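Novice: What follows is each chain in one-letter form.
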Amino acid sequence: MEIPYTTEVRPDTGLTNPKLGIWLFLASEVMLFGSLFSSYALLRSGAPTWPVQHEVLSVPLAALNTVVLIASSVTMVMAWASLAPHTAAVRAGDGEAEARSLKRYRLFMGLTLLGGAIFLVVKSIEYSDKFSHHLYPATNNFLGLYFTLTGLHALHVIVGMIVNGFLWGPGARMWRSEPERFANRIEVAGIYWHFVDVVWIFLFPVLYLL
Amino acid sequence: MGHDVAAQVRSYMFVFGALLVLTLVTVGVSYLRLPETPAVIIGLSIALTKAALVAMYFMHLKGEKPAVYWPLGLTAFLFVGLLVSVLLSEGDHLFGTEFGDAFTKE
Amino acid sequence: MLRRIFSTDHKVIGLQYGFTSLFFLLVGFSLVILIRWQHAFNGHPLPLFGGLLGDTYAPGGIISPEFYNQLGAMHGTIMVFLGVVPLAFGAFGNYIVPLQIGAPDMAFPRLNALSYWLYLAGGLVMLASFLAPGGAAMSGWTSYSPLADFAPAGQTWWLAGMLLLIFSSLLGAINFIATIIQLRAPGMTWFRLPFFVWAQFITAFLLLLAFPALQAAAVLQGMDRLAHTSFFLPSGLVVTGQPVDVAGGGNALLWQHLFWFLGHPEVYVLILPAMGIIAEVIANNTRKPLWGYRLMVYSIFVLGFLSFIVWAHHMFLTGMGTAISAFFQATTMIISIPSVIILSSLILSLYGGSIRFNTPMLFALAFMPMFGLGGLTGLPLGLSATDIPLHDTNYVVAHFHYLVAPGTIFALFAGIYYWFPKITGRMMNETLGRIHFLGSLICMNVIFLPMFIQGLAGVNRRLWDAGAIYSHAQETISLNVPMVYAAFGLAFFQLFFIVNLLVSIRAGRVAGTNPWEATTLEWAATSTPPRAHGNFDRPVRVYRDPYDYSAPGAAAGFLPQNAE
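Chains as they are written, first to last, in this note's numbering: chain A, 1 to 210; chain B, 1001 to 1106; chain C, 2001 to 2564.
Chain A with its partners taken away, still in its complex shape (with noise of 0.2 Å):
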């Protein structure tokens, strides 16, 4: 039985059905980090004392990440990108124009999946300083937050990575036979992909500059 709206879009609200799911859930979302970050200041405002957050943290290997992860946003939507132009050919049944795109787009998913990873490798190194210092989740509130925000992100950027690695491996198979439905997927992947990159944007300067 078929959903109506789930690949053509609905001429007067001029959505899928996917695209305004994942909107819908990045305003829970966007509610849910936005609770943190009031956490955060509320907590920084009522302290008496705040350790230099500079000083405790990394600030190179944080804009290190800052640059990777926003190097993978751009890779993301070029990977979408890649497909999108091509539906039409794909559909029509022209297996170079399928092929050449899937080869394009498998590079862009492919350095976003290695973006992620490399985001998520700085983390565990700078996770795993902190504890060989003895600088635990416990040791005060700034740690606390810093850990509990930077986790619950990192938590996000692996659902993201389980996704995206679905959709580079067996769920690309969707391109041949409903292209314009994979390529939606990849949009709306990117939308989250790309929500993942904005928190990390509010919270490189949050947690490490200020």
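Take the hints with a grain of salt, since some may be wrong.
Calculated pairs, DMTMM-like style, for lysine to aspartate or glutamate (alpha carbon to alpha carbon, straight line, at most 20 Å) [what the hints assert, rightly or not]:
# : chain 1 : residue 1 : chain 2 : residue 2
1 : A       : Lys-103   : A       : Glu-180
2 : A       : Lys-123   : A       : Glu-55
3 : B       : Lys-1062  : A       : Asp-12
4 : A       : Lys-103   : A       : Glu-178
5 : B       : Lys-1065  : A       : Asp-12
6 : B       : Lys-1065  : B       : Asp-1004
7 : B       : Lys-1065  : A       : Glu-8
8 : B       : Lys-1062  : B       : Asp-1004
9 : A       : Lys-130   : A       : Glu-55
Over the 12 Å line for every Cβ pair with chain B, so calculated as not near, a few chain C residues [said to hold, decoys possible]:
#  : residue
10 : Leu-2015
11 : Val-2080
12 : Leu-2164
13 : Phe-2308
14 : Asn-2445
15 : Ala-2491
16 : Leu-2495
17 : Gly-2534
18 : Arg-2541
It should be emphasised that the hints constitute simulated quantities derived from the structure, not laboratory data. Keep in mind the model is a prediction, meaning the values are calculated, not measured. Yeah, the Cβ is synthetic: ideal placement off N, Cα and C, and Gly gets one too.
We have chain A already, so just place chains B and C on it with the hints.
Specialist: Chains B and C in isolation, oriented as in the chain A frame:
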């Protein structure tokens, strides 16, 4: 459709460049060790600009039908603003400001 | 077989939500009967069950204070999160909304199934928490820090259960909003939507934007409990004579702000679907359109928006500044306006109507004064000055129970009696329904009305001994005795409902396609019960407003929405 995407790809590269520059700026400004209030304002403004670029261009907000997105986006940010502002107002006795005692001052 | 259990059909999922939530309502009710007993017969051994509960929960058969606290916390949690909301939103919403908008299913059927299973998982975690060392959560359904930070393991289970439940609700909310926006049938414009759909739409937004705050709070409290952070623990905290060995610097009020940021919209989640159901039942049984339909729609929008900015009226006694208290007092007063507009519109809808007094209508008629009483008694709570003597007393307990028990739950009963013929093709028994109705109405009032009196006398809520030390309030405390008998009575009258429900599935009088002669799509365009897949035999097109009853010239006295 082809050159449409080519134009879009060019815009992605511009945005990428802008984001890198803004990252450099925000790190650079942090080394100035400004006092808290200007540091927070500048830092969050830069972050907001970067986020807006990602949202408009990578997340394709620019050019989508405004009818549904703007209310959605506006709602979400309105509520976050609300949450933040009222939580910060908890700081009336924390900051030692008169915000909380506006009506009891003689 | 597995495909049927893990069905992605919204009707199956709606029924799964329905039966699971009814079971949890029963569990939550059983817990509070124990509380009622303890309040009425403080210190006496519990007959029958006292021995079964064992020495940890009830030494010598007497409910221990710790177990009493668990009963209180879990009664609230189970009723709100596992009972009422899943029934009102998950069950009724899932089953009816796609049918009423002319859609073949929800926008995301597989996500819908996932929502249900996450709900069940969360519910099982909550139930299992009773077996955790130290017992279930015991810090109120509100789990305030620092108390909850130091509670036994059951509190962590509560946090885990809540995270599962919240995730389930978020996915459900996304589904509802996307479905209502995208899958309305041709001709189903926004102002032709039945009020029930509008109510579910706004409810979904409340869940979507408010629940994440509790997610964040639960994560932070989890970190406090498991990683020994001090997000909610101020410096210098001393627990049972010992200074607590944590970094400190936390803020206990942070928990309250985050919790109530969800908590207040949550109570509108409890009432909005109920208003939706009542609107449907009233329009149908007065044989005329709702009075002020558009006004009601605008009001429900305003109500939803305002519900996000009243939360700190739960915190008037925390020492917040006067400016912030004044702000929340003002918004709380303002929010009563759309509420009253909706209630008044429902009452005015009766005027000039040709009223049919069937069981759903009886519940709907009782809903209105009961909801009115509950709402009015909220006014002294919403004004910070009068809240000072009333906060945390039984007055508050009576106030919100009037809204949820003879309020929302009555609306849910109305909905079950009303839509049962659509779901099963059979009618429920009218006589049993009337007995269920009258018995429940009387018993609920005997239970909750005295609580106002107790609260005004100063009796605190959540007390194990029900206030035995309040020498000035002893007469009000003795009211607990008729209250517990009324509670037994309430339990007894639910038997009429349970038997009616189960027997009528097989042996109820066969209903026609549209036994209530209703106009909305679920009656007009589908078979009874509706088709398993796709809902509608023919493509649906909507031509009319939702409540075209007694339309001049209409042969049957009403025009269905899809009639040309």
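Novice: Can you give the numbers of the hints that this structure goes against, from lowest to highest?
Specialist: Hint 13 is the one this structure does not satisfy, whereas the remaining hints hold.
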